[in-house]
Structures are given as structure tokens and as C-alpha cells.
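So the protein sequences, as listed, match chains A and B.
Going by this note's numbering, the first residue of the first sequence is number 2, and it counts up by one from there.
Going by this note's numbering, the first residue of the second sequence is number 2, and it counts up by one from there.
One or more of the hints may lead you astray.
Where chains are identical, the list cannot tell them apart; a pair therefore holds if satisfied intra-copy or between any two copies.
Here are the computed lysine-lysine pairs in the DSS-like style, where the Cα-Cα straight-line distance is at most 27 Å [what the hints assert, rightly or not]:
| no. | residue 1 | residue 2 |
| --- | --- | --- |
| 1 | K22 | K382 |
| 2 | K76 | K22 |
| 3 | K25 | K46 |
| 4 | K22 | K215 |
| 5 | K40 | K22 |
| 6 | K354 | K40 |
| 7 | K76 | K25 |
| 8 | K46 | K382 |
| 9 | K40 | K382 |
| 10 | K76 | K40 |
| 11 | K25 | K215 |
| 12 | K383 | K71 |
Everything labelled a hint here was simulated from the structure, so no lab data went into it.
There are 2 protein chains.
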Amino acid sequence: MHTMGSSDGDDSTNVSTTAGKIFKIIRDHGPLYANDIVKRTGLAKSTVSEYLERLLSVGLLRDEIPEGSKRRRLKVAESAGYVVGVALGQTRLNVALCDLEAEIIDSVGGPVDLVRETPDRILARAVDFARELEERAGLGPSALFGLGFSLPSPVDYAQGFPVNPPVMPGWDHFPVASYLAQEFTCPVFVDNDVNVMALAERDKGAASTPAYRKASFMLVKAGSGIGAGIVIDGEIYRGAKGAAGDIGHIGIDGDETLCRCGNRGCLEAVAGGRALAAAAEAAAASGRSPFLAEVLGRGNAVDMETLARGAASGDETCIQLICLAGSQIGNVMAKLVNFFNPPLIVISGSLVKLGERFLASIRESIYHRSTPLATADLVVKKSALLERGATMGAAILVLDEVFSHRNVGKLMRRSPG
Amino acid sequence: MHTMGSSDGDDSTNVSTTAGKIFKIIRDHGPLYANDIVKRTGLAKSTVSEYLERLLSVGLLRDEIPEGSKRRRLKVAESAGYVVGVALGQTRLNVALCDLEAEIIDSVGGPVDLVRETPDRILARAVDFARELEERAGLGPSALFGLGFSLPSPVDYAQGFPVNPPVMPGWDHFPVASYLAQEFTCPVFVDNDVNVMALAERDKGAASTPAYRKASFMLVKAGSGIGAGIVIDGEIYRGAKGAAGDIGHIGIDGDETLCRCGNRGCLEAVAGGRALAAAAEAAAASGRSPFLAEVLGRGNAVDMETLARGAASGDETCIQLICLAGSQIGNVMAKLVNFFNPPLIVISGSLVKLGERFLASIRESIYHRSTPLATADLVVKKSALLERGATMGAAILVLDEVFSHRNVGKLMRRSPG
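So that you can see chain A by itself, here it is in the shape it has in the complex (with noise of 0.2 Å):
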């Protein structure tokens, strides 16, 4: 699906490997100095330079003199191209237009009901939204190198298609990527939602310190579903089948409580937010919290924000719904934690809006149930981008796509001299 123009024969692959190499490295450390590429890549100082040259001249890069210095340094020219973003998620669709350096330029967004409306008809509302980003930016058509799609299942990624969702009637191998792939001249890329979350924690959240640059971590979204996106290496690691990750249907032994899947006792229908929800309304109804009573009697729902503010005020029966719902969470983690040993956890989700509460019994059932050399240095933090974080990692999937080693050197032969 996400093929880059038709030049398959490509005959100047180490004209299109160096030119890669050396964006690469100045798109994930730039602004750099020549010297400080020569020095990275151990290439020639006059190889360094001719390729900077070819570079500039493409307008993939810019040149800045920083004050008081006399020499140029190298960036990418972010204003160069743009990138959109989709993320499609259960109640809610988001589009953002991005610059080559992933950040958000404009974004717009509405409702969805995933499990009533059909994929033609959310996707041609993506479209439109798309549209009418580039229309709001004065953009041509070629401006656009890539656009990005996340959706929250299962994705077979080179084929650009759902596999499995859970609960999106119609969606099940629907052609996302091709159905877009012929309303726009550029590449198309789909993928999981939490595989695109990782790479904006990567790039610009909670991992993109240097501390965390390759290495390997875990993005736990904890929403009405839960699932997580896993980083090895810098890369996002997928599974055969594309299923890796897929977190939310773990099974909590012993627990019976029946989930959307068919299963039962799953993490997601435990301590989902959708099974949080339930158990507040539940606790209001049944005059356990007042707190929750009151909310539910003014005709309003009780979100994760309600559950907040009620465990603030002393709620008890917040204070616990919460502490439960992280100490579940925790629970399976701390298997994970076992088998996997990441340096980082990052927690996004709406059930992030529970508070440091939620955190701190995620932690405190990780720290207790793993072992101790898999918990030294273990870090587990809230997501820096939360709901940005899918629209911007759908972003940073087409950078990487686009901007990898041999794509750049078609893009050179493509960008107007």
C-alpha cells in the first residue's frame, strides 16, 4: 500500500543510503554542525558536504548560524512538507496537520460512533477533515508527504488493514490505507493506536530524553480499552501477527466478569473505563458514595474527571474505585515488568485523568508483585502528550516511513531542485 512512487529498480542505492543516513542523523539530534555529522557517521568530510549540499538544494534541510558562531548548522527544513495525522478512536475523531518535524500545525476533530457508523462514512469525514486542514494552510497539492492512520485494533501493518477489532462492526480487513490511498497522491500509512503513541512518547514525550534514546519501553494506554504500545531498540516492536501489545485482554485469574471479546475476567473489562464507569453509576445507585449520587441525580455522567474530583472531596468510594482500577492495572503489569524489564513505563488514557492516585497504585502493585532487579531502575510514568499523543504519533509513523534510509533519496529526486 505504501509504496513510494514506482522506482522499485532503483539504481543509486548508496546515493539514496547516504543522503538517509545523514538526514536521519540530523532529524533525530539536529540542529548539527558538518563537523559533528562527519564525526557520527565516520563518512568524509567532502562526502559530508556534497551531500549537505544536495539536501539543501532539495529544501529537505535549512541552514541557521546561531548567534555569536560563524559556521551554519544543519536542520530539517520543517516548513519543507507536511504530514496528517489521523487517530480514530471509540467516540471521537481527530485530524492534525504536522510539520516535518511532527509538530502540530492546525488540528480539527469531532464525534464518532464507532460501533453504529461504517467505515466508508467516518473515513470520508477523515477526508474531509484532511481537506479542510490543507485548505485552512494555503497548502498545493504535492505538499503533503504522507498521511497517517490510527485506529484503535489490531493492525495487519503491511497490508494497511483492521484485523480482529474487537468492536467495529464492518471494520474487520477493510481497506483503510487503499480507500485514502485514492483520495490523496501520497503514501498511506495505518496502524494500532498505541504503536503510534509509542513513537510520539519516543519522539517528543516522556521517552525522548536523551536517557531513553533506542532503547526499550512500554506505552500502557488505559481507556475504555487498555492496551500498550511496545518500543524495542527505538523501533516498535509488532508480534506475528501484528497482535503484540494487546494487553487489554489478558486474563485476571480467577475473575469472571464477562468482556466484549467473549472472554471473561480480561483486564479491559475489569478495569476498563467503561467498567469503571459501571461500577461508580452502581455505587451511586446503590448509596455507597453521595458524592457520585449527587453527580448522577444532576443528570450528569460520571467520567474519569467526576471520579477525580470526587475521590479530592474524600469520597471514599472514589478513593477506592480508583485505587482498584490502578492496583488491577498495576497487577498485570508487574507480570509484564517480569518477562519484559523495561527501563519505562508510560501511562496515557483517559483513566490518566483519575490522577497521581490511579499512578501510585500502578506502581505500588508493580514494585510489590515484580522482582527486585526488574524494579531497580524501573521508571513508570504519565504520558506528556495524552490526547495529542495519537494525531502526532500517526505523524511521526510517516516521517519514519518517508525519511528512512532509501525513501530520502527518492524524495531528493522528487523535490523541486
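Starting from the known structure of chain A, fit chain B onto it as the hints suggest.
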């Protein structure tokens, strides 16, 4: 610890790297014709010829002319050198002398008591065993390319010592690699047993077929302890603190069995070899199993073969114990399959002796409790190597390091011309 000589300021990186690349391709895919190597490397024919001559002249490669062909094929000169693989277990020390294809030439071993004997004493015995093998093979002092040491504990791989071993008094941070480096002039590498067992399955066992080349898989050792070796894209994944794969201490929710690690409900405390033997003895004492009562009555210990024989003879208790252990292990693995989505799980360790019923129970639990997508193509199979896996794997660990791109060039300078 495991440096290859002292030439760190290597002035011939490209030579080394090219030689290393060619050697690795021959090691992984050989025997090969020169043409195949040209195709696989993309190097010029003249370059490949030049390096092949050099690798032949230093004795790292040899050629052979297949019947009916006129052209020579290149392969690793398996007798150009040797490596020693040492596997230390809870109750046994095994040492193998292997050729450069990791085939075992000769081996020797004996009982140990990891809890009562000091590290010095056990390592001295390992040295004696290795010397005995060198002598029997008539090897000179420079014939050994390296020594690999595997032990049943988390290992700090860079430093070459065990870290936080659960039940090995005196071994925590004991400098195993330094100790052995004083005895041998060759490089020494120390790793966890399940990691090297996974390497052995990758190169010589259940994961060595083309279908799993460069694949990700798990090797699960189910013995007195339970642990997993994780291979990602053909390489060992160790985790942030070398603790990855420590699945024996994953907690079973609600189980309160005390584990040797101090925690409660750990998988190996519930379903490991020791727990199984204890349960069998209790069943014998209570009269529930006439078969086991008779075995114990004759003064014999109950081991895994005994349980397998009991099950084969129709003893219900034996059958129940085997199925319960399999389903408990499978239940934990189901969670890990949701997270890691491997195409292959290889089962090794003494519990494999429980027979097909045990493996079937593991499979049943995984298929029952993982998502359908994650298990769509999952294969769960018995190790092809079993006991040999650990010594062979320790040898492969050495070969991987010694024949890395970087090091082959150094070997070319060291070897006689």
C-alpha cells in the same frame, strides 16, 4: 571482561567489517558458492574473491567441491578452532568442547550442589573439566577461541557476573568472567541459562528452520526453576537490567504458595519441578496414588519420568498433576502471548519429560486464554536439544561474539597465515 585482545584503535575497520560480513553469511547460510556470496552481500565479485582468499589463508574457511560440480563451495573451517560451553545447573555441571559450527566434539560433567558449594570450588571444577577436554582432544594453548558459561540466574552480561540469584549463596556479583579469564587466554562470556538455550534453539534446534530465520520467539525452560529466553529478530533480548524472561516469579493471582524468592504464588513455586515432586510425594503419602506410593515405598525418589510412567500406566493422580502443571504454566504463557505475540514457543527443561500430555495442557491453556489473533499461527513445541541446549548454547554465545563483524578482522590478524 570479554574483549578480543587490545587493538581497540582498529585502523582497518572496513577490512574487518567486510571480512566479518562475508564470514557471517557463510556461517549462517553455508556452504555457499562465491556467486551466492556476491548476490547476498552486493559486493563486487573481485572484492568477495579477495576476502575469501584471505579467510581461506588464515584457516577460518575451507572449501569443498560438491560431487558433480566443478566449482568450489566455501564453508566455515569447523576444525580451525574450538570453543568450550559450560552449563551450570542447580544440581549438575556440564562442559562441552565444540567446533566452530557449535557441534559437540566431546563433553564431561558431574553433580554439583549450588546451594552448599562455593563459587570458587565449582568454577575450579569447571576449569578442570575444560582442561580434561582440551587434553583428550590434544589441543594446543591457542586452539580455544573462547569459553561460554551459562548459569541459572540473572546475569550482568557486560560485567560477566550473576546478579540477584535467588538461591545461590555467594554468587551475587561473584566475578565469574574475571575468574575464568585468569585461567584461559581466550575471551570468556557469561550469560543466563535460558538465553543461551534460546541461542541453541535458534541455530541448531526448534527455531533453526528457514521459517524462523531472524524471527522472534521464546524458549521456556520448565525445570526446578522456570524461566524464558527471549529472541527478537534473531538476537537475545536481555531487558534493562538483564532480568527479562524471569517468568518463574510471575504471580498467579490469588495463590498464596510461598516461593523461595520470598514472594507468594510465583509460577515456579506452584508448577516448577520441585513443587511437582512435593505434590507427588504428598499424593503418595495420602494414599491417593497407589502408583506413587509404590515408587516411594521402594525407596525411589519421584522425578518427572516417574510421573510420566505413572500417567502412562493410568494413574489418575499422575495425570492430574501433569495436566495441572501444564495448565498453570500455559495460563501464564497465555498472558505473555497477548503481550509478545511470538510465532513460536519452544519448551525445554526437565518437565518436558512429563510427556505429550504436559505439552498439550500448555497449548490448551494458551489457546483458551489468548486472543485468537495472537494464537492464529502460534506453534508451541518441544525443544529439539533438551540437555544439550545449554552447553551448545554457551558455545554459540562465544561464536556469535568472536565471529561478530568487528572481531573477524582481528582473528584474521591473529591466526597463522
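Hints versus structure:
no.: 1; hint: K22 x K382; in the structure: neither (32 Å within a copy, 41 Å between copies)
no.: 2; hint: K76 x K22; in the structure: within (14 Å within a copy, 33 Å between copies)
no.: 3; hint: K25 x K46; in the structure: within (17 Å within a copy, 31 Å between copies)
no.: 4; hint: K22 x K215; in the structure: both (16 Å within a copy, 24 Å between copies)
no.: 5; hint: K40 x K22; in the structure: both (13 Å within a copy, 23 Å between copies)
no.: 6; hint: K354 x K40; in the structure: neither (45 Å within a copy, 55 Å between copies)
no.: 7; hint: K76 x K25; in the structure: within (10 Å within a copy, 37 Å between copies)
no.: 8; hint: K46 x K382; in the structure: neither (42 Å within a copy, 53 Å between copies)
no.: 9; hint: K40 x K382; in the structure: neither (34 Å within a copy, 48 Å between copies)
no.: 10; hint: K76 x K40; in the structure: within (16 Å within a copy, 37 Å between copies)
no.: 11; hint: K25 x K215; in the structure: both (14 Å within a copy, 25 Å between copies)
no.: 12; hint: K383 x K71; in the structure: neither (41 Å within a copy, 65 Å between copies)
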